[in-house]
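J.: Residue numbers for the sequence shown follow UniProt numbering, beginning at 1 and rising by one.
Be aware that one or more of the hints could be misleading.
Dumping the calculated EDC-like pairs for lysine to aspartate or glutamate here, alpha-carbon to alpha-carbon at most 16 Å [what the hints assert, rightly or not]: (1) 104 / 325; (2) 226 / 268; (3) 192 / 256.
Each pair of labels, with its calculated beta carbon distance range [what the hints assert, rightly or not]: (4) 324 / 90: 51 to 57 Å; (5) 364 / 145: 37 to 43 Å; (6) 90 / 348: 27 to 33 Å; (7) 268 / 33: 16 to 22 Å; (8) 370 / 79: 38 to 44 Å; (9) 365 / 33: 38 to 44 Å; (10) 155 / 201: 25 to 31 Å; (11) 253 / 145: 42 to 48 Å.
Hint data in this document are derived by calculation from the structure and do not stem from the laboratory. In this text, all values refer to a predicted model and were calculated from it rather than measured experimentally. C-beta: ideal position from N, C-alpha, C; glycine also.
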Amino acid sequence: MLKNHDRIAIATGKLGAVSETFISRHINKLNNGNTIIICNKVDDASKYDNKIYVEKVLYNWHNYPKPIRKVLRLSQSIRFGYKRIPDKKERKSIQRFLITNRVKIILAEFGTHGCMMLPIAKPMGIPVYTYFRGFDASEKLKDWKIRYSYRRLIPQMEGIFAVSPHLLDNLSNIGVKWKQAHVIPSGTDVEKFRPTEKDRHLILGVGRFVSKKAPDITIRAFAKVKEGIPNAKLVMVGDGPLFENCRALAHSLGIEKSVNFAGAQNHDVVSNLMAKTSLFVIHSVMDENGNTEGFPSVIQEAMSAGAVTISTRHGGIPHFVKHGETGMLVDEYDVDAYAAYISKLLKDQSLREKMSKNARTYAMQHFDYRKLYNKIEKIMGIRN
Numbered sequence: 001m002l003k004n005h006d007r008i009a010i011a012t013g014k015l016g017a018v019s020e021t022f023i024s025r026h027i028n029k030l031n032n033g034n035t036i037i038i039c040n041k042v043d044d045a046s047k048y049d050n051k052i053y054v055e056k057v058l059y060n061w062h063n064y065p066k067p068i069r070k071v072l073r074l075s076q077s078i079r080f081g082y083k084r085i086p087d088k089k090e091r092k093s094i095q096r097f098l099i100t101n102r103v104k105i106i107l108a109e110f111g112t113h114g115c116m117m118l119p120i121a122k123p124m125g126i127p128v129y130t131y132f133r134g135f136d137a138s139e140k141l142k143d144w145k146i147r148y149s150y151r152r153l154i155p156q157m158e159g160i161f162a163v164s165p166h167l168l169d170n171l172s173n174i175g176v177k178w179k180q181a182h183v184i185p186s187g188t189d190v191e192k193f194r195p196t197e198k199d200r201h202l203i204l205g206v207g208r209f210v211s212k213k214a215p216d217i218t219i220r221a222f223a224k225v226k227e228g229i230p231n232a233k234l235v236m237v238g239d240g241p242l243f244e245n246c247r248a249l250a251h252s253l254g255i256e257k258s259v260n261f262a263g264a265q266n267h268d269v270v271s272n273l274m275a276k277t278s279l280f281v282i283h284s285v286m287d288e289n290g291n292t293e294g295f296p297s298v299i300q301e302a303m304s305a306g307a308v309t310i311s312t313r314h315g316g317i318p319h320f321v322k323h324g325e326t327g328m329l330v331d332e333y334d335v336d337a338y339a340a341y342i343s344k345l346l347k348d349q350s351l352r353e354k355m356s357k358n359a360r361t362y363a364m365q366h367f368d369y370r371k372l373y374n375k376i377e378k379i380m381g382i383r384n
């Protein structure tokens, strides 16, 4: 158990991404907020009262020809087990930061960050725990250097967490061993995401406009829904590289007046929308790079708000969304089935209300971040 002035370090990449509320919550809530941050980029440090260290990989490898850069990275992998380790001066600087701030435990938010922190923390006797959330245990595994790093470094970590069982399966399938592993989803604030009076015609989608979210499939399915339910309306929150293509698609299908492309919105706006939406849609797929979801935080938020989820049999989603009980699931790219379930739930008020209650109950039991963080803190030895 940690003493009053002991801290944990949260290691991540870019700090401040709107879609990564789970990182901000770890910073503010784990160990009663007695945390410090190590990241490689921060949008606005003034948002955080915590001390922040912005790490730098100081090797100027970009000045060298590509063949030499490959050799240098290979030498890093051989020496430390990972290709992107800060140089000696930077490692010492990070270690001084950890000592000064009485850091006793490090939680890395993604697999690659855990690999970067372990060679820095291990000589100091500071245990490292790492969270796996999706791309870091799917797309990244196509890189032999990452597979090598995981096999070598994860067994030396004190433990790992994953947001869904299939991510642990992915790691196990490439030969990764570990001291201990736990499936704990990111969780949500079940007090913030609460149901209110539902708009029976409202369908909500929240997520970046990227290929693994397949927003175009949602738009095509909605066009089919509109044929039988003219009053249906779709709000899509988020931005990304496919945003303009999706707007053009909605226009070409003649449904642009019924689709609100709301852009990126803050958490308060999203919670208000989820509170009143009847259905939540997200058509997750494996993208062309092999990237998959872990278990999307937005589904946890939607279920907490009593929105019935229609999604795909993808990643960790089927483990938590119970088909026919708390939501409906279809195969990836099955537009017809996707549209059919949306239509069915819009038309069947009794079924929709029953599944809404089931979703809320399940979320309160399994996604309340307070309960989940209590588990994490006990596992990491922060509390008894």
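J.: Now look at each hint and say whether the structure bears it out.
T.: Verification of the supplied hints:
1. 104 / 325: 43 Å, violated
2. 226 / 268: Violated. Residue 226 to residue 268 sits at ~29 Å, over the 16 Å cutoff.
3. 192 / 256: Not satisfied, since the Cα-Cα distance of roughly 31 Å exceeds 16 Å.
4. 324 / 90: 51 to 57 Å: Taking Cβ atoms as reference, residue 324 and residue 90 lie about 53 Å apart, which means the hint holds.
5. 364 / 145: 37 to 43 Å: 42 Å, holds
6. 90 / 348: 27 to 33 Å: 59 Å, violated
7. 268 / 33: 16 to 22 Å: Since the Cβ atoms of residue 268 and residue 33 sit about 20 Å apart, the hinted range of 16 to 22 Å holds.
8. 370 / 79: 38 to 44 Å: Hint holds: Cβ distance 42 Å, inside 38 to 44 Å.
9. 365 / 33: 38 to 44 Å: 25 Å, violated
10. 155 / 201: 25 to 31 Å: With Cβ atoms ~53 Å apart, the hint is violated.
11. 253 / 145: 42 to 48 Å: 43 Å, holds
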